[in-house]
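Visitor: Quick note: the sequence shown uses our numbering, first residue 11, plus one each step.
Worth double-checking, as some hints may not be accurate.
[Claimed, not checked] Cβ-Cβ distance ranges computed for the label pairs, FRET-style:
1) 292 to 88: 19 to 29 Å
2) 386 to 474: 39 to 49 Å
3) 144 to 484: 26 to 36 Å
4) 292 to 21: 42 to 52 Å
5) 21 to 354: 36 to 46 Å
6) 179 to 484: 39 to 49 Å
7) 87 to 478: 49 to 59 Å
[Said to hold, decoys possible] Derived pair list, reagent style BS3-like, types lysine-lysine, alpha-carbon separation capped at 27 Å:
8) 39 to 78
9) 109 to 174
10) 259 to 280
11) 534 to 109
12) 91 to 235
13) 395 to 423
14) 91 to 259
15) 432 to 395
16) 39 to 126
None of these hints come from the bench; they were simulated from the model.
Just so it is clear, CB atoms sit at the ideal spot from N, CA and C, and this is done for glycine as well.
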Amino acid sequence: MNSNFHVLSPDNVLACPMAPGMPEREALKKELERQSQNPVVIPAIINGKEFFTDDRYTLAAPHKHSLKLAECCRCDEKLIKMSIEAAMAAKNDWEALPKEHRFAIFEKAAELIEKKYRYVITAAVMLGQSKTAWEAECDSPDEVCDLMRYGIHFADELYSMQPKCTPGVFNRVIYRPLEGFVCAVTPFNFASINSNLPSAPAIMGNVVVWKPATNAILGAYYIMKAFVEAGVPAGVINFVPCRGSDVSKYILTDPRLAGFHFTGSTEVFKSAWKLIGENIDRYRSYPRLVGETGGKDYIFATESANVNALVTAMIRGAYDYSGQKCSATSRCYIPAKIWPQVKKKLLEDIATIKVGDIADFSNFTGAVIDKGAFEEVAKYIDEAKDSPDAEVLCGGYDGSEGWFVYPTLIRAKSPNYVTMLKELFGPVMTVYVYGEDEYDAMVDHCANSSLYALTGALFCNDRKQITDLEERLRHSAGNFCINDRPSGALCGQQPFGGARGSGTNDKAGSIFNMIRWVSTQTVKDTFCPDEDYRYPYMEEK
11 MNSNFHVLSP DNVLACPMAP GMPEREALKK ELERQSQNPV VIPAIINGKE FFTDDRYTLA
71 APHKHSLKLA ECCRCDEKLI KMSIEAAMAA KNDWEALPKE HRFAIFEKAA ELIEKKYRYV
131 ITAAVMLGQS KTAWEAECDS PDEVCDLMRY GIHFADELYS MQPKCTPGVF NRVIYRPLEG
191 FVCAVTPFNF ASINSNLPSA PAIMGNVVVW KPATNAILGA YYIMKAFVEA GVPAGVINFV
251 PCRGSDVSKY ILTDPRLAGF HFTGSTEVFK SAWKLIGENI DRYRSYPRLV GETGGKDYIF
311 ATESANVNAL VTAMIRGAYD YSGQKCSATS RCYIPAKIWP QVKKKLLEDI ATIKVGDIAD
371 FSNFTGAVID KGAFEEVAKY IDEAKDSPDA EVLCGGYDGS EGWFVYPTLI RAKSPNYVTM
431 LKELFGPVMT VYVYGEDEYD AMVDHCANSS LYALTGALFC NDRKQITDLE ERLRHSAGNF
491 CINDRPSGAL CGQQPFGGAR GSGTNDKAGS IFNMIRWVST QTVKDTFCPD EDYRYPYMEE
551 K
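Can you make the complete structure from the sequences, with help from the hints?
Guide: This is the structure we're talking about:
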């Protein structure tokens, strides 16, 4: 095929507002009802075949303990090892498939998810992960499809990046898949990450063993079904629900491990990195480690900030999806001069927020993901209530029917109070009110006090001051927003990722991530090579 094929330049999927009267809203409600009444059994999918095991657990809706959604199978050592063998058996044929056919398969997967599977996956994400209709819509189909289509677009761009050719020499770069398999471990909070972590390496010609999060398996299962229907060959992506400890034991120590694509906690990523380091002599090549982990994301406001915009950003940044985003706002630095206005409007607006069952579209947010998350966040709320160094201005929790944590606002009397420093995956925002004489110290505190550097935001209307703060806060966030909340990034517009304890900053949804899944080879093709070893300088006069 002596042709260069180019893919369509993608546009972001437009989010449907799901307003009353819209047919999309009614279709989604019907699917929510159908899934609520028809729990499924979720198997492993290895080498294109479904495997139903005796080791199972029940998946319940986080916002409704009594609502059983699925019975989920776990893989044992035998199935996990089978998935690796299946991936390696599929590797040669998948690598050999021309890029345009690999691209076509994942373009079809995006099309299926945007259309045929749209309400199925959106409803599964709402029920299984307690996302509202808006949050679920923005996640899947929107970002799921964006990441796949932009991944294809960036892969195409990457392949076209070639070195200069000179007279008598034809130079080229070959973008080879990694020599081995990629392990993808995905988190509970985003369907888009569940889709992207296995699909990005596969788009680049790699084979993948995918371990989905235990408590987000329903949406992940339907994504896998869309991959299969789109024509992803058997063994290229293997869907392997299992215990995290088994990933460490059987997958990360396999000599053929070539890459680890991870989103989750900083502690888990560090332990995986350490394990791989301890086993470095086992591997055929150095495994690529790509991780997006925790965050302690901030808003830093100055006296010139627009108070209404600031408050809106604080609420959406901290309380959307119950604060269960690695980019969620959790610490704020507010100048004393504007604090009375900010506090008044914050408390007035928070008082209007409804929390409850996501099937009720009037609710702003649902529950936290599970009992462990609920108990962890509740502990810190209780400690703040009893602490002389903090004041709980509003919020609380109730776990009787679902794992509900209400939008909680803490005022810290010290910038080093624990909830100003520790990551909490829940709807808890801590504010430190700083005096005029503390400004420089608080800028430094914001920049340097956190172990993380994922997202941050600045609210200020003085452009000179913005310039100064942007420089001083440069290393505090991989995604830095000016006069906007830090918890929103669109594929193709704001490549996402952070440094320090927040990960490897390989920017999901960008060419920087896609390049991690290839091992380049340089080819120098010389037409008329020299036939005498002697150099001109060796000649006598």
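Visitor: If a hint holds in the structure, say so; if it does not, say that too.
Guide: Hint by hint, here is what the structure shows:
no.: 1; hint: 292 to 88: 19 to 29 Å; verdict: holds, 21 Å
no.: 2; hint: 386 to 474: 39 to 49 Å; verdict: holds, 42 Å
no.: 3; hint: 144 to 484: 26 to 36 Å; verdict: holds, 33 Å
no.: 4; hint: 292 to 21: 42 to 52 Å; verdict: holds, 44 Å
no.: 5; hint: 21 to 354: 36 to 46 Å; verdict: holds, 41 Å
no.: 6; hint: 179 to 484: 39 to 49 Å; verdict: holds, 41 Å
no.: 7; hint: 87 to 478: 49 to 59 Å; verdict: holds, 57 Å
no.: 8; hint: 39 to 78; verdict: holds, 18 Å
no.: 9; hint: 109 to 174; verdict: holds, 23 Å
no.: 10; hint: 259 to 280; verdict: holds, 15 Å
no.: 11; hint: 534 to 109; verdict: holds, 22 Å
no.: 12; hint: 91 to 235; verdict: holds, 22 Å
no.: 13; hint: 395 to 423; verdict: holds, 13 Å
no.: 14; hint: 91 to 259; verdict: holds, 11 Å
no.: 15; hint: 432 to 395; verdict: holds, 17 Å
no.: 16; hint: 39 to 126; verdict: holds, 16 Å
This entry satisfies every hint, going by the numbered hints stated previously.
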